[in-house]
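Asks: Residue strings, one per chain:
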Amino acid sequence: QQQVKQSPQSLIVQKGGISIINCAYENTAFDYFPWYQQFPGKGPALLIAIRPDVSEKKEGRFTISFNKSAKQFSLHIMDSQPGDSATYFCAATQETSGSRLTFGEGTQLTVNP
Amino acid sequence: ETGVTQTPRHLVMGMTNKKSLKCEQHLGHNAMYWYKQSAKKPLELMFVYNFKEQTENNSVPSRFSPECPNSSHLFLHLHTLQPEDSALYLCASSPDPLRREKLFFGSGTQLSVL
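So the protein lines, in turn, are chains R and U.
At position 44 of the first sequence (counting the first as 1) the number is 44 in the numbering used here, and the numbers step up by one without a gap.
At position 22 of the second sequence (counting the first as 1) the number is 135 in the numbering used here, and the numbers step up by one without a gap.
Certain hints may be false.
Derived lysine-lysine pairs resembling BS3-like cross-links, with alpha carbons at most 25 Å apart [unchecked claim]: (1) U/Lys135 - R/Lys71; (2) R/Lys5 - U/Lys153; (3) U/Lys153 - R/Lys42.
No lab work stands behind these hints: they were computed from the structure.
Please model the entire structure based on the sequences and the hints provided.
Replies: Dropping the structure here:
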C-alpha cells in the first residue's frame, strides 16, 4: 500500500512536444505529491508539488494534474526542450511520514532537437 | 549547487574492504537522510536522522552503519558489502523530517562492489 507506480519507464519526445508522465498510488492517506527532476551526475531536485485540495498546479511549462478519485497524478511538460532531458520521479507522502517520501520508479525523458 | 556535498563521487571497493561515505550540508537543516538509488527502481530510504538522532532504519543490513556526529555531517560506513550493494548512494537534508518539505539532495556517491 506504500507503493507509487510510475509510467512510462522511458519516453522520447520531439522538441516542442508535450511530455506526459503518469503515477498511481494506493494509500489514500497520501496528501502531498512532489515531482523531482534528476540530471545525469546530479541528485534529484524538487520540480513541482501538489496537494489534493486542487486538481491542477502549473509552474511555467510544468503542470501537475491530480485525480483524487482515481488515485492518479501526472506531470505534463509543455513545449518540451532538449534541456528537459532528465529522469523524473514522482513521490508521495502523508502527514505522519513528513518528509519521508515514497518514490516511483522514475521516467527517463529524452527530448530530441 | 544544492548546499549538500557528498564525497567521494565514485568508489570502487572489494567485498572485504571497509570504506566510508561522507555528506555535509550547509543549509542549517536539522534532518539528514541516506537514500539508495538502483537502476529502474524507486529511491529507497535507508536512514533518517533528526538533530543527530536516528529516527528511522528501513531494515538496512548491518553491513551499512550510519553515523551523524552533528546536524551538518552524515557518514555511511561500509564493510563486507555484496555486489548487489552497487548503486548510487544519495544524501539529502530538510529542515524538519516531520514536515512535508523539500528535500535537498547531494550529487551522490556511485559505489561499485567487486
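Asks: Which of the stated hints cannot be reconciled with the structure, identified by number in ascending sequence?
Replies: 1
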